[in-house]
Amino acid sequence: MVDIKNENQKIEEKMRNVARDLLKEKKVDLIIGYSEGTLPLASAPVFIRDEQEVDKLVWNNSCYVNLAKYLIPNIRENINGELVDLKVGIISKGCVARSIIHLLVEHQINKENIIIIGINCNGILNRRRIEKEIGAHEITETELSGDHLIVKGNKFEKKFKFNDYMNELCKHCEIRAPPISDSLKDNIVGECQEVDSLEDPFEDIVDFEKKSADEKWAFMNEVLKDCTRCYACREACPLCYCNLCFVDQNLPTWFGKTSEISDILIFHMVRGLHLAGRCVECGACSSVCPMGIDLSLINRKINKVVKDRFDFVSGLSLEKLSPMMTYKMNDKQEFMLEEN
Amino acid sequence: MQEKIIFKKEIPKLVKELTKEYILYAPKNVKGNIEYKRVNDGKDIELEFLNSKVPPKEIVFPRMETMFTYTRNGKNIEIQKSKKVEDKNIIFGIRPCDAHSFVLLEQFFNFGEFKDDLFLNKRKNTILMGIGCNTPRNTCFCTSLEGHPFKKDDMDIFMVDLDDRYVVTPISDTGKEIIKRLSWLVDAKEEDLEKAIELSKKAESMISTTLEIQDSYDFLDSEFSDPIWKEISETCMGCGSCSFLCPTCTCFDVIDEEDQYNNRGRRMRIWDTCQFCLYSLHTSGHNPRDSSIERCRNRILHKFSYYPTNYNLIGCVGCGRCIQLCPVNNDLRVILRKLNEIQKKEEKTIVA
Numbered sequence: 000m001v002d003i004k005n006e007n008q009k010i011e012e013k014m015r016n017v018a019r020d021l022l023k024e025k026k027v028d029l030i031i032g033y034s035e036g037t038l039p040l041a042s043a044p045v046f047i048r049d050e051q052e053v054d055k056l057v058w059n060n061s062c063y064v065n066l067a068k069y070l071i072p073n074i075r076e077n078i079n080g081e082l083v084d085l086k087v088g089i090i091s092k093g094c095v096a097r098s099i100i101h102l103l104v105e106h107q108i109n110k111e112n113i114i115i116i117g118i119n120c121n122g123i124l125n126r127r128r129i130e131k132e133i134g135a136h137e138i139t140e141t142e143l144s145g146d147h148l149i150v151k152g153n154k155f156e157k158k159f160k161f162n163d164y165m166n167e168l169c170k171h172c173e174i175r176a177p178p179i180s181d182s183l184k185d186n187i188v189g190e191c192q193e194v195d196s197l198e199d200p201f202e203d204i205v206d207f208e209k210k211s212a213d214e215k216w217a218f219m220n221e222v223l224k225d226c227t228r229c230y231a232c233r234e235a236c237p238l239c240y241c242n243l244c245f246v247d248q249n250l251p252t253w254f255g256k257t258s259e260i261s262d263i264l265i266f267h268m269v270r271g272l273h274l275a276g277r278c279v280e281c282g283a284c285s286s287v288c289p290m291g292i293d294l295s296l297i298n299r300k301i302n303k304v305v306k307d308r309f310d311f312v313s314g315l316s317l318e319k320l321s322p323m324m325t326y327k328m329n330d331k332q333e334f335m336l337e338e339n
Numbered sequence: 000m001q002e003k004i005i006f007k008k009e010i011p012k013l014v015k016e017l018t019k020e021y022i023l024y025a026p027k028n029v030k031g032n033i034e035y036k037r038v039n040d041g042k043d044i045e046l047e048f049l050n051s052k053v054p055p056k057e058i059v060f061p062r063m064e065t066m067f068t069y070t071r072n073g074k075n076i077e078i079q080k081s082k083k084v085e086d087k088n089i090i091f092g093i094r095p096c097d098a099h100s101f102v103l104l105e106q107f108f109n110f111g112e113f114k115d116d117l118f119l120n121k122r123k124n125t126i127l128m129g130i131g132c133n134t135p136r137n138t139c140f141c142t143s144l145e146g147h148p149f150k151k152d153d154m155d156i157f158m159v160d161l162d163d164r165y166v167v168t169p170i171s172d173t174g175k176e177i178i179k180r181l182s183w184l185v186d187a188k189e190e191d192l193e194k195a196i197e198l199s200k201k202a203e204s205m206i207s208t209t210l211e212i213q214d215s216y217d218f219l220d221s222e223f224s225d226p227i228w229k230e231i232s233e234t235c236m237g238c239g240s241c242s243f244l245c246p247t248c249t250c251f252d253v254i255d256e257e258d259q260y261n262n263r264g265r266r267m268r269i270w271d272t273c274q275f276c277l278y279s280l281h282t283s284g285h286n287p288r289d290s291s292i293e294r295c296r297n298r299i300l301h302k303f304s305y306y307p308t309n310y311n312l313i314g315c316v317g318c319g320r321c322i323q324l325c326p327v328n329n330d331l332r333v334i335l336r337k338l339n340e341i342q343k344k345e346e347k348t349i350v351a
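Chains as they are written, first to last, in numbering that gives the first Met the number 0: chain A, 0 to 339; chain B, 0 to 351.
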């Protein structure tokens, strides 16, 4: 039987050792990682500058924030009156590393300043789903036991099978450690994996695709209507780095900002399209949504289109440009006339 | 006036009666989120709730609200003011912290010569029928903010949950009027009242967080540029979860939407937050709150310094929503403790 707790401890130990060495040998100025949260099913991103503090780093299955978000804008510090770019070591599960790779492809960060501290992620818990199932009660304590998560609260205790309660994206994730390539081998320490071909049947969106246009419309309305437009999804997304988001353009206004369903829909649809061929499926947007909306569905559908049409998966290679950054004469274009 | 008893099985009857005259909002489980929604059937109410995810401020200060509409005829613009909503509302099951938030909201919308009719009208027509918190959450800290899990002063009617029944205490004149009309309510017995007092004490003892808010105030008053703000804001991602779902946050953005093809338009207000990039952006392009340092600081200053200075009230009710919802677990309790620690150290040095 899988022992998740044991797995986590091993990941944590390796990660701390690598981080400690990097700081000790002054290969990095700063480590970005996760620390213990103050609530059950939470973790808090942390910036560590001192090797004595490396033991603050933790790995649990609630490390849902994509730390690549903190790399933009460049982390700078005032050293002797001059702003200097810091060298950053960043604790990276597969999807964090993929974000970094994609940010490099888009020329947003400097390779020289980044050390990817690879870990072999064993899945992130879908905390919103767990919270929703617990309902109105408060979770006061969680505990891993074998391949189960035990959730405790005032007058209740519930057992969840870990594999069933992972994020949907984690369930079929094949890139759990940073994908390594020749051009990146100097930037990765710790765990990594070679990725040749991916078998992603996109089973999680089969049900959605079967729906008629009307049903899809009704479904998306129902999913998105609770959105408060706090933009936590955007802010948590490592690839939403625009200085001014389309929805914040106000001279003149590009898109409606109300919480009417038409405005909500258009925000999420346009954000989805902006992430076409870019989204690395880390699931941070869904994990941070205060209303517990599962936004990854939109990105999965678009990623499937990108995979089918352009045979492209984001964040795997520094050499391959994403379809939206390039143009080929033989790109498929029949959809301009008709889409089934 | 004598306290009454209402049995939980009588809630549908109560709802039926109240909805004849009022629009009733009550906690409802919507896809796993507890929200105050319009209820017509008592069976839809989630009575075993701790607190809602979306605060009930939404009822008096909606996410979006039309201020007026207009039609354009050449150069002539005709403005149609939003109709005065005369609906009478009851918020059933509001918690003491949220009831207190209504007092704070009113300070802002009723400040000096500036009266916000849209808000004040709704507030005037809203009756608060709240329930004390038998089991406060771990993230609750109302007792550090002059609040209490059984604080009843901010409500019209206050109820205490005794498992199968509620002890009902009318507080305001409106509350007394309503209870008088519910003639079928039976009088509470001495033992019910004793149990209510017992529960109140128990609830108070369950709140484990204590914060010295005065220390925070003193710190904020003097340490605007302390390096701690960098530490506090370092991991903040700048989303609006903390303030959108804060019961006391009042900021809004005013937007105009024009439908050029039909020569008409509307002016709306929507929720805004100091965490957003457009929030304090000047027309010159300068933004005095350009980074998360200033934005995080503003949120804390507003609640724990500006509110006490301007209104003599603390701008936080200790509901813990921001703690539960912050995506990076930037815990308000931890932030305040950090500030207090520095303040204590400084006080010591001064004495020494």
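If you're looking for bench data, these hints aren't it; they were derived computationally from the structure.
A couple of the hints might just be wrong.
[Stated by the list, open to error] Each computed DSSO-like pair below joins lysine-lysine, with the alpha-carbon atoms no more than 30 Å apart: (1) Lys131/A x Lys344/B; (2) Lys55/A x Lys229/B; (3) Lys86/A x Lys131/A; (4) Lys15/B x Lys25/A; (5) Lys131/A x Lys229/B; (6) Lys344/B x Lys55/A.
Bear in mind the structure is a predicted one, so any value in this text is a computation, not a measurement.
Structure-based check of each hint:
1. Proposed proximity of Lys131/A and Lys344/B is contradicted: the alpha carbons are some 43 Å apart, above 30 Å.
2. Distance check on the hinted pair: Lys55/A and Lys229/B sit about 19 Å apart at the alpha-carbon level, within 30 Å; holds.
3. Note on Lys86/A and Lys131/A: the hinted pairing is violated, with a Cα-Cα distance of about 40 Å set against a maximum of 30 Å.
4. Distance restraint check for Lys15/B and Lys25/A: the Cα-Cα separation of roughly 71 Å exceeds the 30 Å cut-off, and the hinted pair is therefore not satisfied.
5. Distance check on the hinted pair: Lys131/A and Lys229/B sit about 34 Å apart at the alpha-carbon level, beyond 30 Å; violated.
6. Straight-line distance between C-alpha atoms of Lys344/B and Lys55/A comes to about 24 Å, which keeps the hinted pair within the 30 Å bound.
When the structure is compared with the earlier hints, violations turn up for hints 1, 3, 4, 5 and for no others.
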